[in-house]
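Number of protein chains: 4
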Amino acid sequence: MIIVMKPQAKQESIQRIKNIIESKGLYAHISAGKEVTIIGVVGDKTRLQDQNLEIYEDVDKIVAVTESYKLANRKFHPEPSKIKVGNVVIGGGSLVIMSGPCAVESKEQLLATAHAIKKAGAQILRGGAYKPRTSPYAFQGLEEEGLMYMKAAREETGLPVICEVTSLNAIEAAVKYVDMLQIGARNMQNFYLLKEAGKTGLPVLLKRGLSATIDEWLNASEYIIAEGNPNVVLCERGIRTFETATRNTLDISAVPVIKEKSHLPIIVDPSHATGVRAYVKPLSLSAVAAGADGLMIETHPDPARALSDGAQSLTFEQFEELTRELRPLAALMGKKF
Amino acid sequence: MIIVMKPQAKQESIQRIKNIIESKGLYAHISAGKEVTIIGVVGDKTRLQDQNLEIYEDVDKIVAVTESYKLANRKFHPEPSKIKVGNVVIGGGSLVIMSGPCAVESKEQLLATAHAIKKAGAQILRGGAYKPRTSPYAFQGLEEEGLMYMKAAREETGLPVICEVTSLNAIEAAVKYVDMLQIGARNMQNFYLLKEAGKTGLPVLLKRGLSATIDEWLNASEYIIAEGNPNVVLCERGIRTFETATRNTLDISAVPVIKEKSHLPIIVDPSHATGVRAYVKPLSLSAVAAGADGLMIETHPDPARALSDGAQSLTFEQFEELTRELRPLAALMGKKF
Amino acid sequence: MIIVMKPQAKQESIQRIKNIIESKGLYAHISAGKEVTIIGVVGDKTRLQDQNLEIYEDVDKIVAVTESYKLANRKFHPEPSKIKVGNVVIGGGSLVIMSGPCAVESKEQLLATAHAIKKAGAQILRGGAYKPRTSPYAFQGLEEEGLMYMKAAREETGLPVICEVTSLNAIEAAVKYVDMLQIGARNMQNFYLLKEAGKTGLPVLLKRGLSATIDEWLNASEYIIAEGNPNVVLCERGIRTFETATRNTLDISAVPVIKEKSHLPIIVDPSHATGVRAYVKPLSLSAVAAGADGLMIETHPDPARALSDGAQSLTFEQFEELTRELRPLAALMGKKF
Amino acid sequence: MIIVMKPQAKQESIQRIKNIIESKGLYAHISAGKEVTIIGVVGDKTRLQDQNLEIYEDVDKIVAVTESYKLANRKFHPEPSKIKVGNVVIGGGSLVIMSGPCAVESKEQLLATAHAIKKAGAQILRGGAYKPRTSPYAFQGLEEEGLMYMKAAREETGLPVICEVTSLNAIEAAVKYVDMLQIGARNMQNFYLLKEAGKTGLPVLLKRGLSATIDEWLNASEYIIAEGNPNVVLCERGIRTFETATRNTLDISAVPVIKEKSHLPIIVDPSHATGVRAYVKPLSLSAVAAGADGLMIETHPDPARALSDGAQSLTFEQFEELTRELRPLAALMGKKF
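Keeping their order, the protein sequence lines are chains G, V, D and U. FYI, my numbering numbers position 197 of the first sequence as 197, with every residue one higher than the one before it. FYI, my numbering numbers position 247 of the second sequence as 247, with every residue one higher than the one before it. FYI, my numbering numbers position 237 of the third sequence as 237, with every residue one higher than the one before it. FYI, my numbering numbers position 226 of the fourth sequence as 226, with every residue one higher than the one before it.
Keep in mind that a hint or two might mislead.
Because identical chains share one entry, a pair is satisfied inside a single copy or across any pair of copies.
Dumping the calculated BS3-like pairs for lysine-lysine here, alpha-carbon to alpha-carbon at most 25 Å [as the list claims (entries may be wrong)]:
#1 LYS61 to LYS34
#2 LYS336 to LYS82
#3 LYS261 to LYS118
#4 LYS70 to LYS10
#5 LYS61 to LYS151
Because the hints were derived from the structure by calculation, they are not lab data. From a predicted model like this one, the values you see are computed outputs, not experimental measurements.
Isolated chain G, as found in the complex (with noise of 0.2 Å):
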């Protein structure tokens, strides 16, 4: 931590600070500059959680030089970490891709389909049984029924599943039915339902928020790890900006970021990033080409008349294409698939 003092600080103030530090038994680093005097803090900067010195006299700012989230870093962490879901494994060389319907309409629906993206490649079946939305007046989801769907499509199938959780209720009900606990994007900073997701022990998917820093996704992963769960796997699922062509703007540079900031995997959904199903296709495919681990692909027997984001879900034709196009891309970027 650097405290910038403000040009012409007085000597008292300067004093005072390096007083508070070291009050706290940490060192204080002085460097008087031509124009400002700077202080770093040597030692550990927790112990000045319940200073605010930001607002003491003559300093102009606080600069934090170490990241906030220590068990999701990748300084103090460096091996890639590779996340077991039943018997697939994320992170680990393979290219995962996790695909389903927005919503679980009904067991034929959800049957046909987990049929139909095995068949084309997929390895995780996902399904919404709580969708939050934006409208009360739209289908809110099956709830514990839809679980129950998606534990008999796991049997008939052998994929794992995941399915998100909105509430401590709805992970009540899904750590008897689901492999992956998936926290949506509207969630990330519910740090009550991170906490709880991560005492589960279950593999938790973790979508960014729609407008959280790459800094605060990884601080909410620290929740769920910090609750002894080191299963996180990341889900970069677009960001709102001004643009109004797509439903949000994929971050698509998350992926190399994180990389660098993280040993945890990350996925990408670009279903939901763009909201539109003629840009899933060429985005699963950059998707893969910048180094993401996996994918999360919306499908669905009759996207027309799907009950939730029919306009982003692939039918099954156009899942087993895409996936067809996949794989050689895969094995350009060396992963298994």
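Got chain G sorted already, so can you dock chains V, D and U onto it with the hints?
Just chains V, D and U now, with coordinates in the frame of chain G:
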């Protein structure tokens, strides 16, 4: 709802859309333009919820002409709402100021603050007992102990109290102690929490999400009202933009926009919007001049040692100076204070 | 300037950076922390301009501790600047209102407007003769003919006049007719234009770019001042965000932030910020309450038929009502009007 | 164009709009819905340019159903355009790489770079002679001297050359030396410059503005094409968002969106988009996989000493490694390289 067809749309594509609309008992009004044909849907559009018309052949885009929120919509409820919190009325022609510490730290801290803000003119005491913090290593709040202090402060001062809730657990505790629930920015689209808050019947302060559009915000309020609880007050607290001189960007336009689109009262939180103490006074004045029904201002007996957000908290002297300057402005704007 | 090294940076990497700094005649102040080593640079940092230290081995990041703008910086020029436009002074304790049509359409339109706004209290006449329009098929302005009408309006009313310039050609024409040049949002980083505007010596109104940070804006003003022309007034006119209820998002915080960081006066343009006539009054009041030195307000004799931005233009009656409401507020804020 | 009336709009308000539309020789198609009435305009909408219908009584909003750009619109020009730059064709099935230094610093620097990038497979040499820099105190470019070196480099290597222009002066100089003009992000809406660049007849590389929507970008290209110059290539180079881990956010979705909306070729500049050398390779691969027609990559003989943007420049070895990895990917995507 209007369906815009692509140029040179085939006649059969137009007919297909027409058939779908009519099959739902709605009327399709076709207008063949020079370049494009548009189809207006007449009737109850919710019947089309299970249809994703945008992916049918030759459909260019779907344009919504009515808002999806109804209960919060001024079009159907022209009179401004007045929300009672204890004996205080928000939206009824008074300027209502909620003030207090970001986090409740101790009984002494809270009581000192309660007395100071009451003396300076604040009508409601705020205090955080459940703190959503970006990092899991930051102070997370006193939880139920904090709520008890809030109740004690109300008993001593007569001020109604408001506290943020972040989970069903927190709601269940809070209803025993406080007069108003706050849903924070990070939980604005935690729809489960919105519904549970709605069910309590207590007035709810709904903060705007960091990247929420005004339409999404009003839709979120709709979740609360749809539970039979019309007692919602909105709070603008800054949105996320590229600007970094302030923590967030206060969207002051939200005040007149909400006044036009909704009957719900709106207050402004300049403390969280800027994160900088020096900007709280000018932005408070600015909010009142824009027509806000109230303010939420953070105060602390010793901001330099606050456990949360000290850099944006006012001292009691600064708060008193602020309310002194607000009085003639409130009068000028026709608001009692 | 501070160089933050990576954890476990090799001693030779630290030494390499130290050598580079010292080879430029600067002093490197090394502070070895628990986790990371930081190097402070003492001396004239511009000597390091031809060095990209961030790509040397083991360098984590570079942190600037001083702003790159000097002439616009309040740290080196604590007194607020007063800028003269004809006989009007901006920043000297008066509330200065510039008003007029978005585009000059005819002599009649402009003269009628000039008389009306003068009567209502405006001190400067604005009018666009060179219109930057998103589409090439929209009305592009009367160019020099428009400037002649501006001059005629000044002669008839005595109001100083301001006009946007979009090229060196336009500047060369404008200096013959107007009292103040305007650099529009889209040209805020047209550095060539900034320099040419600076050379004229005329006062310049510099609008903030749609996605410009406050630091970039002040750096842009530096281009003008560095040409020996200190007569710069800043104009906040909304930034681009995800919100679509208003055309742009008025960043009202820019007013106190600029007051703190710079000595230049700042005015606010609520017409362009919102694009909606109904929001102009509340946001004008809001800007004055936040401490703005003036306003820029679009007016038109018949907004419904304006060739540019009619939807945000006030009628003469509306403008008169606005100035009437501004008077007591200006008095309250200690501003003459 | 559709006019959406407010609920309970008076019959006379509807009639008034109808009359205005018909007075322009257009047809008004009225559709009275359950909640609102909408009016479709049939005919040439440009006749309504001098009407601001949104401010008439009872009008809720105006919805555009057709794009304002025509010449760049794929709807009216379904075949993808092929743009010739010297003997290189962009958009014709090859992957075209432009490379070179951010700023031309000396003849030696430029020639060394030209030879190195040619050897590695680049087809066009880029180099900046007029540098738009945020601060007036940063290196501003060699201007015409730099252009002369560009021409010399072309003569020695046969590579066509491209240079950014920032003023009419720069255009007048550049046409004597270079094969393609570049309009930078900061000048994307410098409409005067766009027209002047259009008049030269030279191919123009139009970079996307930092906060430009795709629609505005295509409208900007329309300014060039409307001058009779169809030789426009678009360049996505990152937009401004709240994320700070990268300098800008590369909007990779722009590639498929542009391919759908326009016939113009699109290339991607990962150097400016991220500002970080380590992210250039993954994002280059990503762009090609998304379908980009080419790349613009900054290279420098000694990035640590580059006078501009060294932190994002590749060494010759890094560039060669990049092109080596791009070859099999280009082949997979069906592009010659």
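Taking the hints in turn, this is what the structure says about them:
no.: 1; hint: LYS61 to LYS34; in the structure: both (17 Å within a copy, 21 Å between copies)
no.: 2; hint: LYS336 to LYS82; in the structure: within (14 Å within a copy, 37 Å between copies)
no.: 3; hint: LYS261 to LYS118; in the structure: neither (33 Å within a copy, 34 Å between copies)
no.: 4; hint: LYS70 to LYS10; in the structure: between (36 Å within a copy, 21 Å between copies)
no.: 5; hint: LYS61 to LYS151; in the structure: neither (53 Å within a copy, 37 Å between copies)
Hint check: violations occur at hints 3, 5; the rest are consistent with the structure.
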